[in-house]
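The whole structure should be built from the sequences, with the hints applied where relevant.
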Amino acid sequence: MTRAGGDTTGAPRWGGTALLRPGVLALTGSIGTTDVHAHHAVQILTATTPLTVRDGHGIGHRGTKVVVPADAPHRIEVGAQEGTVVFLEPESLPGRSAHLRAVHSGWTVAPVLTSTRRRTLAAVVDELVEHLAPVLTGDGATPRHPAVDDALRLLPSLVAAGPVSGTDLAAQVGLSVSRLTHLFTDQVGIPLRRYVLWSRLRLAVMRVQAGDDLTGAAHGAGFADSAHLTRTTREMFGLAPSVLSRHVSWDLEAGL
Numbered sequence: 001m002t003r004a005g006g007d008t009t010g011a012p013r014w015g016g017t018a019l020l021r022p023g024v025l026a027l028t029g030s031i032g033t034t035d036v037h038a039h040h041a042v043q044i045l046t047a048t049t050p051l052t053v054r055d056g057h058g059i060g061h062r063g064t065k066v067v068v069p070a071d072a073p074h075r076i077e078v079g080a081q082e083g084t085v086v087f088l089e090p091e092s093l094p095g096r097s098a099h100l101r102a103v104h105s106g107w108t109v110a111p112v113l114t115s116t117r118r119r120t121l122a123a124v125v126d127e128l129v130e131h132l133a134p135v136l137t138g139d140g141a142t143p144r145h146p147a148v149d150d151a152l153r154l155l156p157s158l159v160a161a162g163p164v165s166g167t168d169l170a171a172q173v174g175l176s177v178s179r180l181t182h183l184f185t186d187q188v189g190i191p192l193r194r195y196v197l198w199s200r201l202r203l204a205v206m207r208v209q210a211g212d213d214l215t216g217a218a219h220g221a222g223f224a225d226s227a228h229l230t231r232t233t234r235e236m237f238g239l240a241p242s243v244l245s246r247h248v249s250w251d252l253e254a255g256l
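The sequence shown begins at 1 in UniProt numbering and counts up one residue at a time.
Hints were generated in silico from the structure; no laboratory data involved. Each hint should be verified, as a subset may be incorrect.
As the list claims (entries may be wrong) - Each computed EDC-like pair below joins lysine to aspartate or glutamate, with the alpha-carbon atoms no more than 16 Å apart:
{"no.": "1", "residue 1": "K65", "residue 2": "E82"}
{"no.": "2", "residue 1": "K65", "residue 2": "E77"}
{"no.": "3", "residue 1": "K65", "residue 2": "D55"}
As the list claims (entries may be wrong) - Label pairs and their computed distance ranges (CB to CB):
{"no.": "4", "residue 1": "S115", "residue 2": "L252", "range": "20 to 28 Å"}
{"no.": "5", "residue 1": "V36", "residue 2": "G106", "range": "47 to 55 Å"}
{"no.": "6", "residue 1": "P73", "residue 2": "D168", "range": "49 to 57 Å"}
{"no.": "7", "residue 1": "L154", "residue 2": "D186", "range": "36 to 44 Å"}
{"no.": "8", "residue 1": "G211", "residue 2": "P163", "range": "21 to 29 Å"}
Glycine included, C-beta positions come from ideal geometry on N, C-alpha and C.
The following block contains the structure:
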């Protein structure tokens, strides 16, 4: 998966397996090079050999663990034949935690992200999220409000049907929209509107994997057209959905 022509002869190329759930996109396999770009998701990279990520100021960040903050221009100058990349929603608790660590402590002072060898990608992601936002996963986590559980059950069919109205969803679960959005962010760890967007991306990838072209997948997931879907994936991850679909086998978890 190269970003706008980042292919270099002899260099590792993007490929492997991926996991997608609301707030998290994770890939394990080979990590390719990219051109300069920026994306909204926080990016955590780890590899068995040192990576080099050059930021928008020309400073190289080299190590086996690198964190790229949200919206930071960068390019992967040296990739790796074996590694893991995790993109986190920056408005989520783990994403915000990783972003602040990179901003305040440097890109190579990375959160714990262990190898996927002999472990599933889902287990690695779960460990990372627990490390970054233990309140979401620890024994002391507050039980979800029944209305939040109801909203989570309703959202897949609502997303598939078209635009999702927070006001309508709140009415269906018996809360005011302000109360629902507050509870949802607090107890799910990601704002409702961002959860809906990640759910649309997941649905689009599911449809591509089922055989739809990008236009059909985009319309089926509630995007205006394939250009809208492509813009969204580039803005969030620096990647095009067509490249992801071609070179990656997907594990499409519902997640939360």
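How the hints compare with the structure:
Between the alpha carbons of K65 and E82 the distance comes to roughly 12 Å, so the proposed pair stays at or under 16 Å and holds. A threshold of 16 Å between alpha carbons decides the hint, and for K65 with E77 the separation of about 14 Å falls inside it, so the pair holds. At roughly 15 Å between alpha-carbon atoms, K65 and D55 fall within 16 Å of each other, so this suggested pair holds. Our hint of 20 to 28 Å for S115 and L252 holds, since their Cβ atoms are close to 23 Å apart.
A C-beta distance of roughly 20 Å is found between V36 and G106, which places it outside the suggested range of 47 to 55 Å. Take P73 and D168: their Cβ atoms lie about 39 Å apart, and the range 49 to 57 Å is violated. Between L154 and D186 the C-beta distance comes to about 19 Å, which lies outside the given range of 36 to 44 Å. At about 25 Å, the beta-carbon gap between G211 and P163 stays in the expected band of 21 to 29 Å.
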